[in-house]
Amino acid sequence: MKPILRRAVIEGIILVVVSAIAGFAVNHARTEGIPLIADAEAFRVRTDAEFMSTEDAFRLFEEGTAVFLDARGPDLFAVERIEGAMNIAPSAEGVESVAWLAGADIRVICYACEENQREAGVLADMLLEIGCSQVYVLHGGIEGWKDSGFPMEVGG
Amino acid sequence: MRLLKLVISNKYVIFAIRLTLGFVFIYAAIDKIAQPGAFAENIYNYRMLPHWAINVMALVMPWLELICGVLIIAGVFLRGSAFLIGLMLGVFIIAISAALVRGLDISCGCFTMEGGHGVAVDLLIRDVLMFAGAAIVLFLGTSALSLRRGAD
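Sequence lines, in order, name chains A and C. Going left to right, the first sequence walks through residues 0 to 155 as numbering that gives the first Met the number 0 numbers them. Going left to right, the second sequence walks through residues 0 to 151 as numbering that gives the first Met the number 0 numbers them.
Hints are computed from structural coordinates only; laboratory data are not their basis. Predicted, not measured: the structure shown is a model, and the values here were computed from it. All C-beta atoms, glycine included, are put in the ideal place defined by N, C-alpha and C. Please note that the accuracy of each hint is not assured.
Stated by the list, open to error - Lysine to any residue pairs mimicking SDA-like chemistry, simulated, CA-CA at most 20 Å apart:
id : chain 1 : residue 1 : chain 2 : residue 2
1  : A       : LYS1      : C       : SER142
2  : A       : LYS145    : A       : CYS112
3  : C       : LYS4      : A       : CYS112
4  : A       : LYS145    : A       : GLU40
5  : A       : LYS1      : C       : LEU139
6  : A       : LYS1      : C       : ILE135
Claimed, not checked - What the simulated footprint calls covered on chain A by chain C, stretch by stretch (three residues with Cβ under 8 Å from a Cβ of chain C suffice, anywhere in the stretch; the number is not a length):
id : stretch
7  : 33-42
8  : 118-127
Claimed, not checked - Label-pair ranges, simulated between beta-carbon atoms:
id : chain 1 : residue 1 : chain 2 : residue 2 : range
9  : A       : LEU4      : C       : LEU18     : 54 to 64 Å
10 : A       : GLY148    : C       : LEU128    : 50 to 60 Å
11 : A       : MET85     : C       : LEU128    : 39 to 49 Å
12 : A       : ARG117    : C       : VAL100    : 23 to 33 Å
13 : A       : LEU4      : C       : VAL75     : 13 to 23 Å
14 : A       : ARG29     : C       : ARG1      : 49 to 59 Å
15 : C       : LEU128    : A       : ALA77     : 55 to 65 Å
16 : A       : ILE9      : C       : ALA15     : 25 to 35 Å
17 : C       : GLY117    : A       : ALA101    : 28 to 38 Å
18 : C       : ARG1      : A       : LEU4      : 18 to 28 Å
19 : A       : LYS145    : C       : GLY117    : 31 to 41 Å
20 : C       : ASP121    : A       : LYS145    : 45 to 55 Å
21 : C       : ALA15     : A       : GLY32     : 17 to 27 Å
The task is simple: from the sequences and hints, build the whole structure.
The structure is reproduced here in structure tokens:
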């Protein structure tokens with residue numbers, strides 16, 4: 000390797016290490032730092048709501064302190080859904096039908112199928128806009144719930 | 000050709016290139032450092048990196064831009080900073096080209112995280128020109144007009 004390039008590579012490695020230390024340290028010191036390993040779903044689903052794991056959601060399900068909103072289409076909802084879930088479209092009409100949730104002290108967990116979790120994110124954002132403060136998106140969607148063996152309802 | 004070589008090896012021309020690259024990279028770093036989450040989303044939009052690498056990139060790259068920008072102006076670690084700026088520009092050129100080929104309608108994420116410039120050919124030309132500038136500094140840069148004497 001030419002001396003210029005060798006020197007450039009050595010200096011470059013030093014600068015990358017210094018930058019990594021600075022980047023990680025500042026992120027660690029921040030109150031709203033980002034995790035080092037990104038959650039792929041957090042990128043796919045654009046939402047201001049937080050994500051909730053299936054295990055945490057199931058705990059709330061057992062306590063009866065959460066409402067589950069299914070943002071999929073009615074045909075898919077009719078086939079199977081999380082037990083007790085309501086089918087709410089991410090639309091003005093859909094959100095209006097559950098506007099009472101804004102005044103209720105209850106957690107709202109939105110979900111769709113994993114492939115189309117974006118819909119759940121849209122619904123969650125609309126609920127946040129009307130004043131619901133405890134809105135979450137179910138991590139992994141209905142598939143994550145189902146794969147964990149948690150209660151489902153099948154058919155009409 | 001001889002005239003071109005004479006021009007690009009002139010210490011004032013090289014200093015002007017260093018200033019341009021330095022200020023562009025410092026400016027580019029500020030919003031990314033302030034909003035790493037938004038920058039991570041911009042990286043994700045290019046669909047080039049595995050998801051586990053996106054946040055690491057979003058945290059390290061802006062600091063690399065800032066540090067390299069400052070050092071290339073100061074003339075300290077001149078070779079290393081020019082090399083890394085060239086490397087980053089190479090990555091940007093590949094990413095923008097791939098986005099254009101795939102027809103992705105996304106914000107470039109170059110300077111501002113909210114509603115920036117969409118990926119387009121003019122960005123590609125800008126990055127190629129800056130890449131050439133980084134190469135000139137890397138191979139022809141000297142300690143002239145640097146804080147550190149004997150930097151070359």
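Starting from the hint list further up, note which numbers the structure goes against and sort them upward. 3, 8, 9, 11 and 21
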